[in-house]
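**Student:** What follows is each chain in one-letter form.
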Amino acid sequence: MPDIELRSLTKHYRVHKREPGMGAALRSLFRRKYETVRAVEELSFTIEPGERVGFLGPNGAGKTTTLKVLAGLLHPTSGEVRVVGHVPQRREAAFLKQITLVMGQKQQLLWDLPPAETFALNRAIYEVPKKQFDETMGELYELLGLAPLVGKPARQLSLGERMKCELAAALLHRPRILFLDEPTIGLDVSMQASMREFIRSYNERWGATVLLTSHYMVDVTALCPRVVVIDHGKLLYDGDLSSLVRRVNPDKLISLKLSRPVGRDDVARFGDIVEHTEAVAKLRVSSDKVRDVVSGVLAALPIADLTVEDPPLEDVMRQLFATKADETKVERAG
Amino acid sequence: MRRIVRAFPTLLRIGFAEAVAYRAEFVIWMLTTTMPLVMLALWTAVAREGPFGRFTQADFVAYYLAALIVRTLSSSWVVWEMNQEIRMGTLSLRLVRPMHPFVSYTASHLAAIPLRGAVALPIAVILLLTVGNHVASDPVVIALLPLVVLSAWILAFVAGTAMGSLGMLMERSIAVWEIWMGLFAVMSGYLVPLELMPRWLATAAEWLPFRYLLGFPVEAIIGMADRAAVLRGLGIQWLMIGAATLISAAVWRAGLRRFEAYGA
Chain H
1 MPDIELRSLT
11 KHYRVHKREP
21 GMGAALRSLF
31 RRKYETVRAV
41 EELSFTIEPG
51 ERVGFLGPNG
61 AGKTTTLKVL
71 AGLLHPTSGE
81 VRVVGHVPQR
91 REAAFLKQIT
101 LVMGQKQQLL
111 WDLPPAETFA
121 LNRAIYEVPK
131 KQFDETMGEL
141 YELLGLAPLV
151 GKPARQLSLG
161 ERMKCELAAA
171 LLHRPRILFL
181 DEPTIGLDVS
191 MQASMREFIR
201 SYNERWGATV
211 LLTSHYMVDV
221 TALCPRVVVI
231 DHGKLLYDGD
241 LSSLVRRVNP
251 DKLISLKLSR
261 PVGRDDVARF
271 GDIVEHTEAV
281 AKLRVSSDKV
291 RDVVSGVLAA
301 LPIADLTVED
311 PPLEDVMRQL
321 FATKADETKV
331 ERAG
Chain R
1001 MRRIVRAFPT
1011 LLRIGFAEAV
1021 AYRAEFVIWM
1031 LTTTMPLVML
1041 ALWTAVAREG
1051 PFGRFTQADF
1061 VAYYLAALIV
1071 RTLSSSWVVW
1081 EMNQEIRMGT
1091 LSLRLVRPMH
1101 PFVSYTASHL
1111 AAIPLRGAVA
1121 LPIAVILLLT
1131 VGNHVASDPV
1141 VIALLPLVVL
1151 SAWILAFVAG
1161 TAMGSLGMLM
1171 ERSIAVWEIW
1181 MGLFAVMSGY
1191 LVPLELMPRW
1201 LATAAEWLPF
1211 RYLLGFPVEA
1221 IIGMADRAAV
1231 LRGLGIQWLM
1241 IGAATLISAA
1251 VWRAGLRRFE
1261 AYGA
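Same order as they appear, the protein sequences are chains H and R. At position 219 of the first sequence the residue is numbered 219 (the working numbering), and the sequence of numbers has no breaks. In short: position in the second sequence from 1, add 1000, done, that's the working numbering.
These aren't lab readings, by the way, just hints derived from the structure by calculation. Just so you know, these numbers come straight off a predicted model, no measurement behind them. Some clues are possibly wrong.
Claimed, not checked - Partial list, derived from the structure: chain R residues whose beta carbon lies under 7 Å from chain H:
#1 R1003
#2 A1007
#3 S1092
#4 M1099
To be verified - Facing chain R, a subset of chain H residues (Cβ under 8 Å, in silico):
#5 E51
#6 H75
#7 I99
#8 L101
#9 K106
#10 E117
#11 A120
#12 L121
#13 Y126
The beta-carbon is built from N, C-alpha and C at its ideal position, and this holds for glycine as well.
Next up, chain R with everything else stripped away, as it sits in the complex:
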């Protein structure tokens, strides 16, 4: 643990240098996250005649701009990275180093946060300038927002490492990731706010991790979740992180056993 603490600043610095080296690809990747804008156009048109549920046009604007911010700050590409390294056999080079590969992955992903912030900041400014009265006003909720978004990132990252580790057990673990992303689109509130979904679907979403990756942080940002709901959501986020960590560790161990048996 001491070694990790000592090495981490260097890992972060180099991770940041890598993020900067990939800045063009990074910005393009971020700009392709346009689905919230498409949904924004669609739902504001629907709400032109009057509110839809409790969503006015301004609420939809606030919701999808917040969704764009949360997605920009909290998505994770670790599953792609791990899959590539497992398939190419370069994971071996990480395994012969005296540091767990997850530490390096964590550092390189954390190091990209300033760049993600640079993309998210203008969106936040637009959000405040256009529908500034539709964001959270409770100071406690506002203070908790960074933690809520960070927790969403941690959950996405840990779930990504679990699916990435599957690459050691099956030939195309990316297929599992694609299923995950399909469910995410529907069950997280990414396409449609969960409270506008059929009741049974919204109830099911309460018990699945997807809502805590996007819908919940978005509701917290736009003030649709009160202080108690934010604290409850944060607690569930950390329960989910705990469960995802256990699953990820188990899949990694099983994957590694197979990797050590068959190689790559």
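Bound conformation, chain H alone:
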């Protein structure tokens, strides 16, 4: 049985809309205008136990709304949702004890107290037995290097240190399902890497299911073999990452190490220049022209080394959303 199951999930809500300015403010006192936001439209997918899935989409795509529905915070407008066999919106204790929701921009740590107090609070609320609590905390201390942090008031910790403690607080009841909404936002590169490492080891150690949203594609490439992509609340793609790259068929990046400097014009005739120095050149080339360009540069330029790479996932996503937008325009025009 899947851990997470969505069938035709739809979530619409009405928001108050007002133009800027005093006149509009006064008018809104008497006549309010509302518009319906179609946050999620007929979204369906399932996630099996132990999977790590990246949940991607541009801002406003409906990712956080979907996560909130899955965590039981929002009620669906229509459709069916099951998480570990429960209907999330009922928010039964047996369900809540099996999930955790980490929102990178919101914190549960008690601001003026050391994180150890938040851990004790969560232990009481989740009824974690003392032995299990000590064991889990021992592991979390080791994996996240928490020992020097837990005695300082949360407000005195750096963002990265706080995020480590947030994760520990969110995981000490050993949830089976992790909903992670931008867990690495604002963290420096090395802290992001250690967070990713920790999430992976938790998933492997406990077989937990992870649904992760992140704007840092490196989080997704490093952690999630499978991605679910949505835009305007609709499913665009569900499958493994490499197939997504193949499907979008984006431009390739050809990196050239030069044995001697060459002029910019000599390089530019083979593709769009991404980078050009005396020793290195990087070209963006459409994937169907790679073969011709490679043989061309090998013949014409002093090449010491050459590599062909897929572009960063950010570019793949950009291209995917751009293609979708073009298709929508064509559909509308038709």
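Given the structure of chain H, go ahead and fit chain R onto it with the hints provided.
**Tutor:** Same frame as chain H, now just chain R:
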């Protein structure tokens, strides 16, 4: 329920740690509750020439010192806390925990009682030393005083949760709280003892919750309410608590339905 009972000591301990962490802000907040002292100065001046109604200068001193004690022990800031959490969206993090947010709010507010007591105690000592013969002397009334003040706190807290829950239904529920506090100042006996008010206002106050938050406990402390009046007042306090609980639960449910529909 068993889970709440088991978790409550930890919630109280952490609530107390939070209250201690915020001690400076807490003491400042308490010290800003100076209105009874201002009114004390005003009314003792008025009563210099002779009693006002049945209030002598000493009665006014006893009344406003008792008002300061009751206010210190029984006020509630839960509406601010809830409003902040609803506006910032952090209420979501409470809602995904397997415990009703009201349980946590209750524990953290109860945990601040020792600190409130530490502020109220010196005022009580001053009260006894200056106008000690103007406080309740009936042992039954004295025994009921802690319950009367606790009931005032419970009523203030439950009413606060109702107004705090309004934050899920409207953009500025604090405005409702401000109206409430305006009415409280007039109708509770906070500014002027209710029996010195026009009769119609004093009668109206009998039917509103404000008197049971302050005026009634103060009258009980200074012996202006006899045993029968204290027992009657206590009964009304608990009727009000029952009504406020029903209203709070209804507003919370309605607010939550909207929150679950729109999010925050």
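**Student:** Checking each numbered hint in turn, tell me which of them this model violates, lowest number first.
**Tutor:** Those not satisfied come down to hint 5.
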